[in-house]
Amino acid sequence: MSETILLSARGISKSFGGLKALADVSFDVYQGEIYGIIGPNGSGKTTLVNCITGFIRSDDGEVFFRDEEITGWPAHKIARIGITRTFQIMRPYYSLPAFKNLIIPLWSPRAKKYGGWRGGGRHGDRDTVAVDILEEIGFERDSRVPYKLAATLPTGYQKRLELARCIALRPDVIFCDEVFSGLSMSEIAGMIPLIEKLKMEGVTLIMIEHRLRELFRVADRVMALNFGEKIAEGDSSEVIEDSRVREAYLGNEGV
Amino acid sequence: MEETRKERIDRGLKVRTEGIYAVSSFEEIAYLVGPRLLLIVGVLLLPLVLELAPYWKRVVNIMCVYALLALAFDFLANYVGLVCLGGALFVGVGGYLAALFNVYLSLPFYLSIPLATVCGAALCTAIILPCLPLRGVYFAIVTLMYPILFSRIFEALNVLGGTNGISGIDSFPSEYLEEYMIIIAMLAALFGMRRLVSQDVGLVLRGVKDNDQSVRASGISLTSMKCLAVFIAALMGCFGGAYMAHLYMWAGLSLFALDFSIIPIAAVVIGGPGTLVGAVVGSFILVPLSEFLRFFGSFRIVIYCALLTGFIVFKSEGLMVYLQRKYHQFERMVKV
Amino acid sequence: MEILIYGIINSITLSLLSLGFALVYSIARVPNFAHGALYISAGYMVWLLLNKAGLPYVPSLLLGLAATSAAGALMYRFIIIRIRGLEISEIIGTYAIGLAIIEGLRWGGLRGMTYTLPVFFPGSTEIAGVIVDYQRLVIVGAGILVFLFLFLFTRYNRIGLALRGIAQDERAAMMLGIDSDMTALISLALGSGLAGFAAVLLLPLGNIVVEQGYNVLIFAVAVCVIGGLGSWGGTIIASFIIGFAQILTETFISSNFVMVVALLAIIVTLLVRPSGIFGKQKQLEERV
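These protein sequence lines are chains A, B and C, in that order. Take any residue in the first sequence, note its place counting from 1, add 1177, and you have its number in our numbering. Take any residue in the second sequence, note its place counting from 1, add 20, and you have its number in our numbering. Take any residue in the third sequence, note its place counting from 1, add 1, and you have its number in our numbering.
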């Protein structure tokens, strides 16, 4: 984990009609770290991701990526400079086979610029590159799995496909929106090496999670949100001991 | 009483033709190539067969123009998710541009038609551009209005010939050129589009319909993709318009007529939405039908619309999908 | 002065035309491209009842209105309900129905002679130096009544509140027990009824001409787009904007461009502020 700040958000606020989803949230993410965002349901985690990655326009606040201001940029432009995200409600391209799902990100201008994954070449055969990427994330190459229709894959594989969609863009940052949700213990045990491998390759991960125990195993620092406000930040042990975080999750009486 | 259910199984022949085994025997090759060959050869032979009935040769030409428009609609609506209610816009723009190039700039037909196609497509894309970043219903609204707007403006301002239109456009030098130009264009468009939608670009365009958030998250601008799709569709429509201007040696307000908007839609819905061949088959059914119904005047539009609604509501898979299913699979009743 | 008076009349006219479409879209989420067809068929039905069936004026009006509402409801019940949610099919389907009605009327009904509907009160009066005929005053009055009715209906009546609820958030309303299909049916009946009401008020000003079917649809859509698809207040305000713009164009340029104004307004709106004035573009809150 280096000391350079890669992504920085200042004072992000967003209201939907009368509902204040985010209130003045600020945080910094260092290059190469795994940064967790936790909070009970409705605390605004996904809205925060949407605002930073350009899917929703925030009412207030700035976002900086490598000292360049990216506030208000459209979603595809933000993806092109290297900030990608997964979707909490997964929607692969159902009618396409798994490896064809990756053709779309591989077709994007960013993939063309970086020549695909590990030098697939500018005019490289995207199908081959796609299967390579799938192998990287755990689809067995020789089996039929990469060729199955995305709609027929089990959840664990679909989650990996979501991640693969991001990886195909050779990103600098991946916002992982609840990648552990809906997975069994063994599937999570299979995902964690993938997360660590990404970290080793220098990708900065920002993980929004409900499964705190698994998150705390991999995260370097964690931020907690409640009702749209940042209530704690620090490394995992500090955050879990914080009284406000406990109150948010467990309520007044349990503490 | 035992319960049965209907079961559909792929024919043995279909399974045998998957993969490399497709070339293992003449039977398999014929199974795959047969329908396509039938279509190509049939369409190419039509003008020769109809040598004795020149009126019907003209109908074949119009059939192919509508097939082009229907292909454009099918592509836009069922592959990219943009419902174009006003195909007449493309036809009108292409036709008038061809007329302008030919009559006022004295360009010969082999220049005026391609130029009108490309310039017309660019112009149409430009004027549709404002609604592309928005949801699909806006595209429908805007395309619905443009043909009506254009014809009213031309009429009111009395420009470009007003209600009389522009006449004196060159005809084609030879009859065979006249007939085969459009047939070959249509076949090229059909097979070209089929190729396009399975290429990488085509997958991205289909992604715009299926899952546009994913496409955005992959760093691709939705608006650019929709622009590209509209341009491709407009190329087909404007070519049809330019061709017709030379065919009738006249370009007028009727190029913006409702027929050019509604018949392609009906053709696609009846022929099978999403299978580009269905668009062609649907046109081949509807255009001769419209000739027979010419006597009825406006009523024929009522018939198209009634057919269209019926198919959308009750048999939304369309003819081609139904036929393809029969061709590839057989059904039987099995015990539950 | 003339411009002000005619502007107000034109604006209220437009809002009467557009509210039906706005209602259906905001409640049932169906763009009812058959709106113009319902308008013109209402006029035709009333004409038939008056002249062929020989009924007196008021019963013909009421029957015609009822028939139009019923037509809208039937359209929903038998066709739209089956394609609801499939945006492409909805658009094509309602458009085809509208076209079938309009062209059917062109072929089988409105041809040959001129068809007119009688005005409510013949004659005219003078307001602030401008001559205004009574029919136009009735239109303004009726328009204001309709606004009031809708406002009160959706605030104090249970069904009206249900409609508003579904318009704001369909899922939440359904969880409270409001039947989405029933409200869609009601909204379509209401929307069609409004179209018929507008027809009965406006058609006496001229002849019943089939082209009006298309014009009405275009105006209604233009007003709704500018006001923001889904906002009733926006519809009313937008109709004033376009209403005055049209009167100004008619006065200073020529009356041919009245339709062009509407269409240009759509394009400008889409370029400058796509969601319309009060539009609530539902972004990704629910989906992502």
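Read the hints as simulated data drawn from the structure, not as lab findings. Don't be surprised by glycine CBs; every beta carbon is placed ideally from N, CA and C. There's no promise every hint is true.
[Said to hold, decoys possible] Label pairs and their in silico Cβ distance ranges:
1) Ala73/B <-> Thr117/C: 43 to 49 Å
2) Ser1420/A <-> Met176/C: 30 to 36 Å
3) Arg352/B <-> Leu1326/A: 21 to 27 Å
4) Met176/C <-> Glu27/B: 23 to 29 Å
5) Val179/B <-> Met2/C: 32 to 38 Å
6) Met1362/A <-> Glu27/B: 36 to 42 Å
7) Gly178/C <-> Val333/B: 46 to 52 Å
[Unchecked claim] Here are the simulated lysine-lysine pairs, BS3-like style, with alpha carbons at most 27 Å apart:
8) Lys1290/A <-> Lys229/B
9) Lys1325/A <-> Lys26/B
10) Lys1289/A <-> Lys1374/A
11) Lys1374/A <-> Lys1325/A
12) Lys355/B <-> Lys77/B
13) Lys355/B <-> Lys1254/A
14) Lys335/B <-> Lys26/B
15) Lys34/B <-> Lys355/B
16) Lys335/B <-> Lys77/B
17) Lys355/B <-> Lys229/B
18) Lys26/B <-> Lys1376/A
19) Lys1254/A <-> Lys1289/A
20) Lys1325/A <-> Lys77/B
21) Lys355/B <-> Lys1289/A
22) Lys26/B <-> Lys229/B
23) Lys1289/A <-> Lys335/B
24) Lys1289/A <-> Lys1376/A
25) Lys1374/A <-> Lys1290/A
26) Lys346/B <-> Lys77/B
27) Lys346/B <-> Lys335/B
28) Lys1197/A <-> Lys1290/A
A quick look at each hint next to the structure:
Against the hinted window of 43 to 49 Å, the Cβ-Cβ separation of Ala73/B and Thr117/C comes to about 47 Å, which satisfies the hint. Against the hinted window of 30 to 36 Å, the Cβ-Cβ separation of Ser1420/A and Met176/C comes to about 35 Å, which satisfies the hint. Range check, Arg352/B to Leu1326/A: about 25 Å between beta-carbon atoms, so the 21 to 27 Å window is met. Range check, Met176/C to Glu27/B: about 39 Å between beta-carbon atoms, so the 23 to 29 Å window is missed.
One distance hint, 32 to 38 Å for the beta-carbon pair Val179/B and Met2/C, holds here, with the actual separation near 35 Å. At roughly 39 Å, the beta carbons of Met1362/A and Glu27/B sit within the given window of 36 to 42 Å. The hinted range of 46 to 52 Å is not satisfied by Gly178/C and Val333/B, whose Cβ atoms lie roughly 29 Å apart. For the hint pairing Lys1290/A with Lys229/B, the CA-to-CA distance comes to about 25 Å; that is within 27 Å, so the pair holds.
A C-alpha spacing of about 26 Å is found between Lys1325/A and Lys26/B, which places the hinted pair at or below 27 Å, so the restraint holds. Straight-line distance between C-alpha atoms of Lys1289/A and Lys1374/A comes to about 24 Å, which keeps the hinted pair within the 27 Å bound. Distance check on the hinted pair: Lys1374/A and Lys1325/A sit about 25 Å apart at the alpha-carbon level, within 27 Å; holds. As the CA atoms of Lys355/B and Lys77/B are separated by approximately 52 Å, the hinted pair breaks the 27 Å bound.
Between the alpha carbons of Lys355/B and Lys1254/A the distance comes to roughly 56 Å, so the proposed pair goes past 27 Å and is violated. At roughly 18 Å between alpha-carbon atoms, Lys335/B and Lys26/B fall within 27 Å of each other, so this suggested pair holds. With a C-alpha separation of about 25 Å, the suggested pairing of Lys34/B with Lys355/B holds against the 27 Å cut-off. Simply put, Lys335/B and Lys77/B have alpha-carbon atoms about 32 Å apart, too far for the 27 Å limit, and the pair is violated.
Distance hint between Lys355/B and Lys229/B is unfulfilled; the C-alpha atoms sit about 39 Å from each other, more than 27 Å. For the proposed pair Lys26/B and Lys1376/A, the alpha carbon gap of about 53 Å is over 27 Å, so the pair is violated. With a C-alpha separation of about 14 Å, the suggested pairing of Lys1254/A with Lys1289/A holds against the 27 Å cut-off. Restraint check for Lys1325/A and Lys77/B: not satisfied, since their Cα atoms lie roughly 47 Å apart, outside the 27 Å limit.
With a C-alpha separation of about 54 Å, the suggested pairing of Lys355/B with Lys1289/A is violated against the 27 Å cut-off. Between Lys26/B and Lys229/B the alpha-carbon distance is near 32 Å, which puts this suggested pair outside the 27 Å criterion. Distance check on the hinted pair: Lys1289/A and Lys335/B sit about 43 Å apart at the alpha-carbon level, beyond 27 Å; violated. For the hint pairing Lys1289/A with Lys1376/A, the CA-to-CA distance comes to about 23 Å; that is within 27 Å, so the pair holds.
This hinted pair checks out: Lys1374/A and Lys1290/A have alpha carbons roughly 23 Å apart, not beyond 27 Å. Distance hint between Lys346/B and Lys77/B is unfulfilled; the C-alpha atoms sit about 32 Å from each other, more than 27 Å. For the hint linking Lys346/B to Lys335/B, the alpha-carbon distance of about 15 Å falls within 27 Å, and the restraint holds. Among the hinted pairs, Lys1197/A with Lys1290/A is inconsistent with the structure: their alpha-carbon atoms are about 39 Å apart, more than 27 Å.
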